[in-house]
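Top to bottom, those sequences are chains R and L.
The first sequence begins at 13 in the numbering used here and counts up by one.
The second sequence begins at 147 in the numbering used here and counts up by one.
Worth flagging that the hints you see were computed from the coordinates, not collected in a lab.
As the structure is a prediction and not an experimental result, all values here were calculated from the model.
The beta-carbon is built from N, C-alpha and C at its ideal position, and this holds for glycine as well.
This list has only true hints and no planted wrong ones.
Derived CB-CB ranges, DEER-like: (1) L/Leu202 with R/His22: 38 to 48 angstroms; (2) L/Ser230 with R/Leu95: 32 to 42 angstroms; (3) R/Gln53 with L/Ser230: 21 to 31 angstroms; (4) L/Ser230 with R/Glu65: 37 to 47 angstroms; (5) L/Ile259 with R/Gln53: 12 to 22 angstroms; (6) L/Gln191 with R/Arg123: 17 to 27 angstroms; (7) R/His109 with L/Ser160: 45 to 55 angstroms; (8) R/His22 with L/Ile259: 21 to 31 angstroms; (9) L/Gly187 with R/Ser39: 17 to 27 angstroms; (10) L/Ser226 with R/Gly52: 22 to 32 angstroms; (11) R/Pro82 with L/Arg242: 23 to 33 angstroms; (12) R/Arg27 with L/Ser151: 28 to 38 angstroms; (13) R/Gln53 with L/Gly168: 14 to 24 angstroms.
Derived contacts from chain L toward chain R, CB cut-off under 7 angstroms, selection only: (14) Asn178; (15) His189; (16) Leu190; (17) Phe197; (18) Asp248; (19) Gly249; (20) Phe252; (21) Gly253; (22) Lys254.
To give an idea of the interface, some chain R residues facing chain L are shown, with a C-beta separation under 8 angstroms as derived from the structure: (23) Gln53; (24) Gly54; (25) Pro55; (26) Gln60; (27) Gln68; (28) Gly70; (29) Leu102; (30) Tyr113; (31) Asn114; (32) Glu115; (33) Phe118; (34) Gly119; (35) Gly121.
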Amino acid sequence: DAGVTQSPTHLIKTRGQQVTLRCSPKSGHDTVSWYQQALGQGPQFIFQYYEEEERQRGNFPDRFSGHQFPNYSSELNVNALLLGDSALYLCASSGGHLHSYNEQFFGPGTRLTVL
Amino acid sequence: AQSVSQHNHHVILSEAASLELGCNYSYGGTVNLFWYVQYPGQHLQLLLKYFSGDPLVKGIKGFEAEFIKSKFSFNLRKPSVQWSDTAEYFCAVNARSGGGADGLTFGKGTHLIIQP
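Working from the sequences, and respecting the hints, build out all of it.
Pasting the structure below:
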C-alpha cells in the first residue's frame, strides 16, 4: 500500500519564476491538503482539495494555486516566486470511501529553494 | 481562527527521564487533536490522535496524551525517554466541518534532544 508520494524531492528556482509541485495521495484517499513548512517552524495550511475543487484555503496569497485531478492527485503552483517561499512543501491525504477524513497522512515533502 | 501554542521550543533530557510537552489550543467548536513527530531527515509521522471518547489516548512508541477540555490542553507524555526519541514534536488541531475535517493548524514545534 503506497503512502503519499511527492515530486520532485528538491527544487531550486530563482525569484520571479513559477513552480509546480506534485502529490499522489495514499491509496483510497480522495482529499489532498498542502502545507508550507519554513525552517524551524510548524507546517502552515495552504489549501485543501476535494472532488477537484478547493474546499478550504489558509492565509496564503493568490500566487499559490492548486489543482486536483480525477485520480485525486494534486498539484501546487506558485507564481512570481519570492525568497520567502523557500520552504518544505508538504502534501497530506485523507478521506475516501473506506477512510476517515479526520486523519491526514503526510508525504516526504518537496524542498524548494528560491535564490 | 484556530491557534496552537506549544510551551517549550527546546527540551533537553537524559535517557530514562520522564517527558511532558505542553500544548494549548484555541477554538470554540469540536476539534480533532494530534501529535506528530518528525525524526531527523524523515517525514511527519502521527504519534497519536484524539477525536472523541476517553480523553487519555495512547500512541506509538510508548507516548500518551491527555485531552483536558476545560483547559484547552492536549499535553504529550512519556514515562521514560530513549535516545531515539530525539526529534521535532508538533501539536496540531483541526475543526470538523461538513462531514469532513479542515486543514490542520500546527504549533511551532518542540525540538527534543535526548542525551545518552
